[in-house]
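S.K.: Each chain, letter by letter, is given below.
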Amino acid sequence: MKQQQQLHRFEIRFSGLGGQGIITLGRVMGQGLALGHGYNVTQTQSYGPEARGGSSRCDLVISSEPISYPKAESLDLLVALSQEACNAYYPYLKPGGALVLESDLVKQPPTNRFLGLPFTSLARDKVGVAQAMNTVVLGALSHLLPFISQSVMRKSLESSLPAKIRAVNVKAFNLGHRLAKKEWGDDAGEVWRVEDSERD
Amino acid sequence: MARPRKRKEIFALGNEAVVEGALLAGCSFYGGYPITPSSEIMEIMAARLPLTEDGVFIQLEDEIASMGAIIGASLAGRKVLTATSGPGFSLMQENLGYAIMAETPMVLVNVMRGGPSTGLPTSPAQGDVQQARWGTHGDHPIIVLSASNVQECLDMTITAFNMAEKYRTPVILLLDEVTAHTREKIEIPNPGEFEVFSRTVPSMPPEWYKPYEETVRGVPPMPPLGSGYRFHVTGLVHDRNGFPTQRPEEIVELLERLHRKIDQFFYDIQLVDTIETADADVVVIAYGSVARSAELAVRQARENGVRAGLLKLKTLFPYPRRQTEKVLAHARTLVVPEMNMGQMSREVKRVNMGRASVRTINRIDGQIVTPSEILKVIMQG
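Top line first, the protein sequences correspond to chains A and B.
Going letter by letter, the first sequence gives residues 8 to 207 in my numbering.
Going letter by letter, the second sequence gives residues 7 to 387 in my numbering.
Read the hints as simulated data drawn from the structure, not as lab findings.
Values in this document were obtained by computation on a predicted structure and should not be read as measured data.
Treat the hints with caution; some may be incorrect.
Straight-line Cα separation of at most 30 Å, DSSO-like style, residue types lysine-lysine; simulated pairs [stated by the list, open to error]:
| id | chain 1 | residue 1 | chain 2 | residue 2 |
| --- | --- | --- | --- | --- |
| 1 | A | K162 | B | K14 |
| 2 | A | K171 | B | K14 |
| 3 | B | K191 | A | K101 |
| 4 | A | K162 | B | K191 |
| 5 | A | K101 | B | K14 |
Heads up, incomplete: computed chain A residues facing chain B, CB under 7 Å, no partners named [stated by the list, open to error]:
| id | residue |
| --- | --- |
| 6 | Q38 |
| 7 | T49 |
| 8 | Q52 |
Glycine is no exception: its CB is placed at the ideal position from the N, C-alpha and C atoms.
My request is simple: use the sequences and hints to build the entire structure.
M.R.: Structure representation (structure tokens):
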């Protein structure tokens, strides 16, 4: 598929606790952007030796050009799913970058300029599976980021999941997309949209 | 004209790309013991190999046995692979020497993590570079390759198998945690789009066969065990028939041939990539994931008016001396960033012999060297 718009090193960091599905979130989104949308994408990860708990982090770099350095250095978007992660990585956010956070788990946002949703309780109460939290985030980001096509990303999500959890995740994805639109507004990701006249 | 066949694209880890490369190169035997950050290679091999025509996958009790198993399978005619990380690589050293002495083709992937000992299991490092060169005892030649991105993981794995088969030698592919655990879009080449080399087998009648005979290439033909050609395998210094010898002229003949079969093909073995080196005053020499940081730093330096270039090492050993000499013709400064205390900069300094100033950047905190760190040193000239 044709790229929705030109990007030059758009850097996203997903961060939180081990077990929240952070690396899976990055992998699914990266796959959707690389194979579905035709961007160059690198997805890297950093995690502790623990099986669960501990910190977990996953970086995505998305670009129309080939990517040299694969990690994120100055973030366009930080997704923080724990207070500790928010505190640790907020300083790496670019001026004008966006902060998305889990509003139940990040009780003390470092700024009043953030986009929050209670992703975990949404997944538990509305989808019925707390583990689908990462897919709710994916749905919300598919609304926020103007270079993501919702239908392409949903297709990519479906293709990367085993059949028995597909329906639940599609539900979670749609929920995230719908709520982000409702709570954050239609213009939430407007800063990153490239006008038609600027496209080449 | 026939349209070129479209290549399959996948979004894969460096470790997954190693598996794809190995299967494309004809690997049909994997023996190993899992260890972070190399485990995905083993996991995916366990799923994929049994689906191939004659693929065999074995998990062994440890890394010593893993090496024993793949040496045996290689002697039986298989193309073989194992993968490990620091602690496992240490255990493999003795049998690695055996494989060199017995001239057994094999590919050993070491995904480097922080050390010494169990160290930092999930963090990157490049601390095993000199171990890969000199880890097993005795004076020996070895081929050590590296890869800096996911596509290269696939390509260099194929190259590693080809060199192992061509030169009848173990080949070590040194990756680091960042390269192994980065996901990227890669293209899987179609059969026929890349070279697959397989070992030369004897063509003479079995009774004429001398297993370790001198040849022009220095590489004797190698029959699969059990095919009617008799040969003896030992770690002792052996004569042309493969039996132990103490005679000085036979010792020299064997050991010189082991070195010569690698040394006379430097042009084929020493692989590098260059970016903007033709007129560079400052040349960064880097390998593995750090080469990607260096590439960005070099581009940024060019934007700032500094004539910077990158010499990316894809072959670490035998060290690409000729390619380094070439950039030394005009470089005033060489910058060597590494995730260790300076293992490859030793080689660079050895070749440099005081001509350019060699600046090292060393990180041992489990983090990759960043582009901005390299850029700072480049800008200092």
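S.K.: Output the indices of the hints that this structure fails to meet, ascending.
M.R.: Failing hint: just 5.
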